[in-house]
Each structure stands twice: as structure tokens, then as C-alpha cells.
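**Q** Line order of the protein sequences matches chains A and B. Residues in the first sequence are numbered from 0 upward in steps of one, following numbering that gives the first Met the number 0. Residues in the second sequence are numbered from 0 upward in steps of one, following numbering that gives the first Met the number 0.
I should point out that these hints are in silico values taken from the structure, not numbers from a laboratory. In this text, all values refer to a predicted model and were calculated from it rather than measured experimentally. Built from N, CA and C at the ideal position, the CB exists for glycine as well. There could be a bad hint or two in this list.
Claimed, not checked - Listing some non-contacts, in silico: residues in chain B with all C-beta distances to chain A over 12 Å:
| hint | residue |
| --- | --- |
| 1 | T20 |
| 2 | T31 |
| 3 | E55 |
| 4 | R57 |
| 5 | Q60 |
| 6 | Q86 |
| 7 | I96 |
| 8 | E97 |
| 9 | R101 |
| 10 | V109 |
| 11 | Q113 |
| 12 | R134 |
| 13 | R135 |
| 14 | Q141 |
Said to hold, decoys possible - Looking from chain A toward chain B, a few residues come up when the C-beta cut is under 7 Å (computed):
| hint | residue |
| --- | --- |
| 15 | E39 |
| 16 | Y92 |
| 17 | G200 |
| 18 | R406 |
| 19 | S409 |
| 20 | G437 |
| 21 | V441 |
Stated by the list, open to error - In silico contact screen, one side only, chain B against chain A (beta carbon under 8 Å); selected entries:
| hint | residue |
| --- | --- |
| 22 | D22 |
| 23 | G67 |
| 24 | G88 |
| 25 | Y112 |
| 26 | E115 |
| 27 | R118 |
| 28 | R121 |
| 29 | E122 |
| 30 | K124 |
| 31 | T127 |
| 32 | D147 |
| 33 | L148 |
So the chains spell out like this:
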Amino acid sequence: MAIKVEQIDECRWRIPREGAMRTDGLIFASQQMMKVLQQEHALEQVRNVATLPGIVGPSLAMPDIHWGYGFPIGGVAAFDAETGVVSPGGVGYDINCGVRLMRSNLAVTDVRPHLQALADTLFRNVPSGVGSHRRDLKLTLAEERRVLQQGARWVVERGLGTAEDLRHIEAGGCIEGADPELLSDRALERGRNQLGTLGSGNHFIEVQQVEEISDPAAAEVLGLFPGQVTVTIHTGSRGLGYQVCDDYLRVMLRAARKYGIALPDRQLCCAPLGSPEGRQYLAAMACAANFAFANRQLITAWVRQSFEQVLGASAGALQLSLIYDVCHNIAKWEQHEFEGRRRRLCVHRKGATRAFPPGHPEIPACYRQIGQPVLIPGDMGRYSYVLVGTAGAMSETFGSICHGAGRVLSRHAAKKVARGRNIIGELAARGIVLRAAGRATVAEEISEAYKDVMEVVGVVQQAGLGRIVARMRPLAVIKG
Amino acid sequence: MPEPLRPQGAVKGGYRLLEHTADMGIEAWAATLDALFVCAAQGLQEILFGRPCSAEPRQQQELELEAGDREELLVAWLGEILFMVEQRGFCPALFHIEKIDRQRLRGSVVGEYQREGLRPLREVKAVTYHRLSVRRQDGGWQARIYLDL
Numbered sequence: 000m001a002i003k004v005e006q007i008d009e010c011r012w013r014i015p016r017e018g019a020m021r022t023d024g025l026i027f028a029s030q031q032m033m034k035v036l037q038q039e040h041a042l043e044q045v046r047n048v049a050t051l052p053g054i055v056g057p058s059l060a061m062p063d064i065h066w067g068y069g070f071p072i073g074g075v076a077a078f079d080a081e082t083g084v085v086s087p088g089g090v091g092y093d094i095n096c097g098v099r100l101m102r103s104n105l106a107v108t109d110v111r112p113h114l115q116a117l118a119d120t121l122f123r124n125v126p127s128g129v130g131s132h133r134r135d136l137k138l139t140l141a142e143e144r145r146v147l148q149q150g151a152r153w154v155v156e157r158g159l160g161t162a163e164d165l166r167h168i169e170a171g172g173c174i175e176g177a178d179p180e181l182l183s184d185r186a187l188e189r190g191r192n193q194l195g196t197l198g199s200g201n202h203f204i205e206v207q208q209v210e211e212i213s214d215p216a217a218a219e220v221l222g223l224f225p226g227q228v229t230v231t232i233h234t235g236s237r238g239l240g241y242q243v244c245d246d247y248l249r250v251m252l253r254a255a256r257k258y259g260i261a262l263p264d265r266q267l268c269c270a271p272l273g274s275p276e277g278r279q280y281l282a283a284m285a286c287a288a289n290f291a292f293a294n295r296q297l298i299t300a301w302v303r304q305s306f307e308q309v310l311g312a313s314a315g316a317l318q319l320s321l322i323y324d325v326c327h328n329i330a331k332w333e334q335h336e337f338e339g340r341r342r343r344l345c346v347h348r349k350g351a352t353r354a355f356p357p358g359h360p361e362i363p364a365c366y367r368q369i370g371q372p373v374l375i376p377g378d379m380g381r382y383s384y385v386l387v388g389t390a391g392a393m394s395e396t397f398g399s400i401c402h403g404a405g406r407v408l409s410r411h412a413a414k415k416v417a418r419g420r421n422i423i424g425e426l427a428a429r430g431i432v433l434r435a436a437g438r439a440t441v442a443e444e445i446s447e448a449y450k451d452v453m454e455v456v457g458v459v460q461q462a463g464l465g466r467i468v469a470r471m472r473p474l475a476v477i478k479g
Numbered sequence: 000m001p002e003p004l005r006p007q008g009a010v011k012g013g014y015r016l017l018e019h020t021a022d023m024g025i026e027a028w029a030a031t032l033d034a035l036f037v038c039a040a041q042g043l044q045e046i047l048f049g050r051p052c053s054a055e056p057r058q059q060q061e062l063e064l065e066a067g068d069r070e071e072l073l074v075a076w077l078g079e080i081l082f083m084v085e086q087r088g089f090c091p092a093l094f095h096i097e098k099i100d101r102q103r104l105r106g107s108v109v110g111e112y113q114r115e116g117l118r119p120l121r122e123v124k125a126v127t128y129h130r131l132s133v134r135r136q137d138g139g140w141q142a143r144i145y146l147d148l
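Input sequences plus hints: build the corresponding full structure.
**A** Okay, here's the thing in C-alpha cells:
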């Protein structure tokens with residue numbers, strides 16, 4: 000069914016309120032992106048989100064929008080504390096899937112001769128692929144519960160990271176209100192052997208070089224310089240998060256019937272924020288979010304260990320420090336100005352990143368003058384970006400921007416494009432070393448499967464939602 | 000749409016994999032509801048292990064499930080198979096539904112534990128409720144279901 004879309008300006012599109020919609024849809028996209036979007040179901044999903052009770056402002060979609068399940072990927076929606084709802088489908092199965100970026104004092108010339116060894120060592124030290132885990136990391140149930148309550152701090156307290164790391168993670172690496180009692184035995188079981196694993200599909204570790212600086216002043220604050228080696232980690236809450244989402248979708252299907260909430264798609268099942276079901280989901284979601292923070296912190300420790308093993312210098316000497324860590328699948332309580340009034344809202348970001356402006360108190364003090372760092376990975380063959388949040392995002396998108404490039408090809412279509420090609424060889428010819436665990440991963444994750452992230456962040460910057468600081472190019476990619 | 004009808008041996012029905020930008024779906028059809036659930040499970044088996052899957056029917060896992068309606072029962076059924084694969088390291092070869100109604104099913108999955116050469120191709124995170132349907136069509140049954148990859 001065709002969705003009525005009105006162009007507002009070069010990068011804004013409105014789905015006008017009609018039928019069961021309680022508000023407009025607002026999509027940030029170029030003309031070219033919109034042509035592709037009109038051929039899939041993502042716009043219908045923006046419209047569906049607009050029907051949910053208590054939505055404040057428009058149902059938003061970032062330029063990396065694509066067809067998801069329930070919410071579109073790239074979807075943002077804020078809900079009123081009194082009249083609004085919380086929906087596990089607005090967060091997704093991979094709760095607190097996110098990205099962290101580390102810097103080093105290494106130049107690309109220091110690392111280039113060791114790239115193969117570095118890729119092999121990272122691939123060995125960080126378990127990746129389906130069903131992988133570190134045999135030397137066994138959690139008791141009591142330890143797992145502490146991970147769920149403490150997040151990244153649990154890992155740091157075991158000597159695997161620094162207090163400085165914690166200051167450079169969204170929410171300090173721990174979402175408050177986590178209650179492990181609300182998790183099923185199955186969720187706990189899945190978490191116990193999956194902590195410290197990268198996973199599969201689009202999750203990765205990437206050794207990169209800073210290719211271009213667009214904002215020298217902000218880059219200096221972030222400690223970035225041209226030719227510098229950086230590392231990006233992209234993963235989330237693994238099977239524990241998937242199980243929490245699955246368990247609470249069942250709860251929310253019953254809750255939606257109980258509270259008389261009409262659902263255009265069952266995956267949008269939800270409960271009022273103030274209801275027992277809503278509160279319980281948020282407390283369970285916080286557990287999974289904390290698990291994801293701990294997961295990325297553990298992997299960071301093994302990334303540092305891998306550099307030490309290959310380069311023969313300590314992580315301290317290599318200045319392998321954390322720039323920032325962002326969530327891109329989460330629902331969070333935040334304070335926002337809306338229509339002249341300060342309001343407490345539950346902001347759902349499903350494949351979207353928080354991007355708070357300069358001066359915001361939730362940004363680490365060292366970055367407060369430039370705005371929150373936002374980490375936008377592209378695909379494994381091209382580039383990734385660092386941006387900073389702006390006042391524009393705060394006033395128009397509840398302080399949110401995109402989370403990545405966004406897929407354009409289905410996995411089947413990507414495999415067809417990759418058929419007969421030596422993808423690993425093609426990347427090697429461009430100086431990129433690839434190690435992948437999954438048999439299907441390489442073909443399904445080819446560059447052509449994704450939008451050009453340069454166009455995505457271009458729309459973000461043009462719309463005034465974020466400012467580009469730096470672009471990084473991959474040197475070595477570890478895929479699950 | 001990628002593939003044509005795949006007849007499933009003794010079961011009267013089939014399935015095809017559905018395109019989705021980020022994920023994958025299954026459309027299944029069969030003469031009876033129990034055969035429909037078997038065909039949908041075979042679709043999941045293909046997504047996880049490819050075709051043909053060389054798993055041998057060595058061990059049997061019994062299942063009893065309850066859900067709010069037929070659609071939710073299909074999510075629960077495929078979700079259990081996914082859990083067996085991901086968490087228990089099982090590789091299904093055959094599916095059997097002994098008894099099924101609108102809200103309950105009793106059935107089994109026969110297969111063997113994963114080994115070298117018999118590992119999942121990819122991670123499937125979950126079975127979703129997005130655009131979910133189970134309905135009667137042309138005197139038989141048809142289902143559509145999407146997975147999060």
C-alpha cells in the first residue's frame with residue numbers, strides 16, 4: 000500500500016497524520032533515499048509507530064531508515080510519562096546493541112606491517128560467530144546478576160579497564176533500575192556463556208585509520224589526528240537481550256489486550272509506562288543494556304591484550320583509550336523541552352543514536368564544549384564517521400541521529416551480487432584484512448548491501464542534526 | 000521472490016523464503032495446520048543450516064507449547080527450535096506435530112547435536128510477530144513469519 004509522503008525541504012519528508020495516526024511521521028532522507036524507501040515497508044512502519052498512545056512529537060526516522068520489524072530501523076519515538084507506552088519492539092531484540100571507539104597513539108605506518116597478525120590475534124582472543132565463547136570466562140549465577148546490575152563497572156572492577164573508561168560510556172556504562180529477578184531462567188542461561196562474545200551478522204571489530212578530519216577543533220578534543228589508528232567495536236547484549244525481548248513481547252501482547260491498545264502490527268505490542276508490565280520491562284531491559292555495556296568492556300580488554308601481544312608494548316604505552324561508547328537500541332527516560340515545556344519522556348531509539356548538544360550535563364565533562372560524540376559505522380569496505388551532537392537534534396529529534404549506513408539489499412540479493420567474486424581478495428587489494436567466522440557473513444555483508452554512509456551522515460549534517468568530525472577507513476575487520 | 004515451491008516429502012505443503020531488507024521471512028502453505036507448522040520449521044532449518052541439511056535423525060526432543068492464538072503458537076514453535084539450535088547445539092532433521100489446536104501443540108524435533116560440518120550458517124536472533132499471519136486459504140492453510148537476523 001502506497002504511503003502518502005510530502006516533501007518539506009531537501010532532507011525532510013512528512014507522512015501527514017491520518018486514520019489511526021496520533022501524529023505526523025517525519026523522515027530525514029535525500030530524494031534518492033526516499034525513492035528506495037517507497038519500495039519497501041519502512042514508511043508503513045513510521046506510520047504504525049505514530050498510532051501508539053502518548054507519542055510526543057512526530058514518529059521520527061533517521062536517514063539510515065530501512066524496513067525492520069515493528070519500528071523501522073532508524074526509528075525514534077518519544078512517549079509521555081503519564082499517557083505514553085513502552086514497546087519492546089521499539090528497542091529490538093539486541094537491547095543496547097551499540098558502538099564504541101578507541102583511539103591509540105599509533106600511526107598507520109606502525110601497524111601496517113603487523114595487520115595480518117593483529118587480525119589473527121583479535122580473531123583468536125575475541126570469540127565471534129554462532130555459539131562461540133571464551134573457555135576461561137565462566138560466570139556463576141551470582142556474578143551474572145552483578146553484571147546485570149553494574150554493567151561495565153563489573154568488568155572494570157576485575158581489572159579489565161579503567162575508571163576513565165567508565166566516564167566515556169553513555170550513562171557511565173550502567174542503566175539504573177535493573178532488576179535481575181525479572182529475567183527468565185532461559186535469559187540468564189543464554190547470558191552466562193555469551194558474555195564477552197562478538198556475535199554474528201553485522202557485529203564486528205574494526206582496526207581503522209583516521210582518513211579525514213572535518214572539524215579540527217572537535218577532533219583535537221576527541222584526541223583524533225590524521226593517519227591515527229583507531230578501533231571500533233560493534234556488538235550488543237547477545238542471547239540474553241534477545242531472550243528478554245522475546246519474553247516481554249509475550250507479556251506485552253497480553254498487556255496490550257488488557258489495556259485496550261489497538262496494534263497495527265503485533266510487534267508493536269506495548270504497555271503504559273506507569274503499568275506494572277511497562278515498569279517491569281524497563282527494569283529487565285536495563286539488565287540487558289548493562290550486560291551489553293559489560294560485553295563491550297570485556298571485548299575492549301581483549302582488544303588491548305591483542306595489541307599488546309602483537310606490538311610488544313603495553314596498552315598504556317600505546318594509549319589505547321576509550322573515546323566513547325553509544326547505545327543504538329534502547330528506551331531511556333530523558334528530560335526534553337517540547338512545545339515550551341520541560342517534560343520527562345521515554346525516548347525509544349531503534350537503530351538510532353543519542354546525540355546530545357554542547358553543554359548537556361549527561362555528556363562527559365571533557366567533551367561538553369563540543370557536544371556528545373556519535374559513532375556511525377559504515378560497511379566493511381568503505382568508511383565510518385565520528386560526529387558530534389547539536390542543538391538542532393535536541394530541538395527536532397529528541398537529541399537523536401542515525402546509527403549506521405542502513406541496508407539496501409536483502410541478504411539474498413547481497414549473495415547474488417557477491418556470487419563468483421572473491422570478496423576477501425577484493426578487500427585485500429584495497430589494503431583491508433578480513434577475518435570472518437560465519438559461512439554466510441562475508442557475502443551478506445558486502446559494501447553494496449549498505450547505503451553509502453557518507454550520504455547518510457551528509458543528510459544528518461545538512462539537516463543540522465549533527466556535525467561531522469572525522470572519517471575513518473578500515474584496515475582490519477573481524478566479523479562474526 | 001527468491002525461490003519456487005519446495006515440496007516436503009510426505010508432508011503436503013511447502014515453503015519459500017521471503018525477501019526482507021535486513022532480515023528474512025518464511026511463507027509456508029499446507030493442507031492441514033500440523034503440516035503448515037512442519038513446513039514453516041523446514042523454512043527455518045534452511046535459513047539456519049542451508050539446503051540440503053545433512054543432519055541425521057538420532058535424537059528426539061519433545062515439545063509441548065501454549066500460546067494466545069495460532070499465530071503466537073507458530074512464533075513459540077519456531078522460537079523453541081531456534082533455542083535448541085542456539086543454546087543446546089542441536090541440528091534438526093525432521094519435525095513432527097502430534098496434536099495441535101488453536102492454542103496448544105504437542106510435537107517433536109528429531110535430529111543430532113551439531114558437529115564439524117554441521118554448524119549454523121548464520122545467527123538468527125529471534126522469531127518476530129511482524130506482519131505475522133496464519134490463515135485458511137483455498138481449503139488449506141498459509142502462514143507468513145519474519146525472523147530477526
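**Q** With reference to the structure, classify each hint as holding or not holding.
**A** Against the structure, the hints:
Not every beta carbon of chain A lies more than 12 Å from that of B:T20, the smallest distance being close to 4 Å; the non-interface claim is violated. For B:T31, the shortest C-beta to C-beta distance to chain A comes to about 24 Å, beyond the 12 Å cut-off, and the non-interface label holds. The beta carbon of B:E55 sits about 20 Å from the closest Cβ of chain A, which is more than 12 Å, so the claim that it is off the interface holds. The Cβ of B:R57 sits about 19 Å from the closest Cβ of chain A, beyond the 12 Å cut-off, so the non-interface label holds.
The Cβ of B:Q60 sits about 15 Å from the closest Cβ of chain A, beyond the 12 Å cut-off, so the non-interface label holds. Chain A draws B:Q86 into its interface by the beta-carbon criterion, the shortest separation being 6 Å against a cut-off of 12 Å. At roughly 21 Å from the closest C-beta of chain A, the C-beta of B:I96 stays outside 12 Å, upholding its exclusion from the interface. With a closest Cβ-Cβ approach of about 23 Å to chain A, B:E97 is found to remain outside the 12 Å limit, as its non-interface label requires.
The Cβ of B:R101 lies farther than 12 Å from every Cβ of chain A, with a closest approach of about 15 Å, so its non-interface assignment holds. Distance check for B:V109 against chain A: the nearest CB is about 21 Å away, which clears 12 Å, and the non-interface claim stands. In this structure B:Q113 is not separated from chain A by more than 12 Å, as the shortest Cβ-Cβ distance comes to only about 8 Å. Every beta carbon of chain A lies more than 12 Å from that of B:R134, the smallest distance being close to 14 Å; the non-interface claim holds.
Interface exclusion of B:R135 from chain A stands, the closest Cβ pair being 19 Å apart, more than 12 Å. Residue placement check: B:Q141 keeps its beta carbon more than 12 Å from all beta carbons of chain A (closest about 17 Å). Interface hint at A:E39: satisfied, since its Cβ lies 6 Å from the closest Cβ of chain B, which is below the 7 Å cut-off. Nearest Cβ of chain B to the Cβ of A:Y92: about 5 Å, under the 7 Å cut. The hint holds.
Taking 7 Å as the C-beta cut-off, the interface hint given for A:G200 holds, the closest approach to chain B being about 6 Å. Residue-level restraint check for A:R406 holds (minimum Cβ-Cβ distance to chain B is 5 Å; threshold 7 Å). Checking A:S409 against chain B: minimum C-beta separation of about 4 Å stays under 7 Å; hint holds. A hinted interface residue such as A:G437 counts as satisfied when its beta carbon comes closer than 7 Å to some beta carbon of chain B; here the least separation is about 6 Å, so the hint holds.
The beta carbon of A:V441 comes no nearer than 11 Å to any beta carbon in chain B, farther than 7 Å, and the hint placing it at the interface is violated. For B:D22, the shortest C-beta to C-beta distance to chain A is roughly 7 Å, which falls under 8 Å, so the interface hint holds. For B:G67, the interface hint holds, since its Cβ comes within 8 Å of a Cβ in chain A; the closest pair sits about 6 Å apart. Interface restraint check: B:G88 against chain A, minimum CB-CB distance 7 Å, threshold 8 Å, status holds.
Given the 8 Å rule on beta carbons, the hint for B:Y112 is violated: about 11 Å separates it from the nearest Cβ of chain A. Given the 8 Å rule on beta carbons, the hint for B:E115 is violated: about 13 Å separates it from the nearest Cβ of chain A. The interface hint given for B:R118 is met, as the beta carbon of that residue sits about 7 Å from the closest beta carbon of chain A, less than 8 Å. Because the closest C-beta pair between B:R121 and chain A is about 4 Å apart, less than 8 Å, the hint holds.
At its closest, the beta carbon of B:E122 sits 4 Å from a beta carbon of chain A; the interface hint therefore holds under the 8 Å criterion. Look at B:K124: its Cβ gets to within about 5 Å of chain A, closer than 8 Å, so that hint holds up. Against a cut-off of 8 Å between C-beta atoms, the interface hint on B:T127 holds, since the closest Cβ of chain A lies about 4 Å away. Contact between B:D147 and chain A, as hinted, is supported at the beta carbon level, the nearest pair being about 5 Å apart and thus within 8 Å.
Of the supplied interface hints, the one on B:L148 holds, with its beta-carbon coming within about 6 Å of a beta-carbon of chain A, less than 8 Å.
The structure does not agree with the numbered hints 1, 6, 11, 21, 25, 26 stated previously, though it agrees with the rest.
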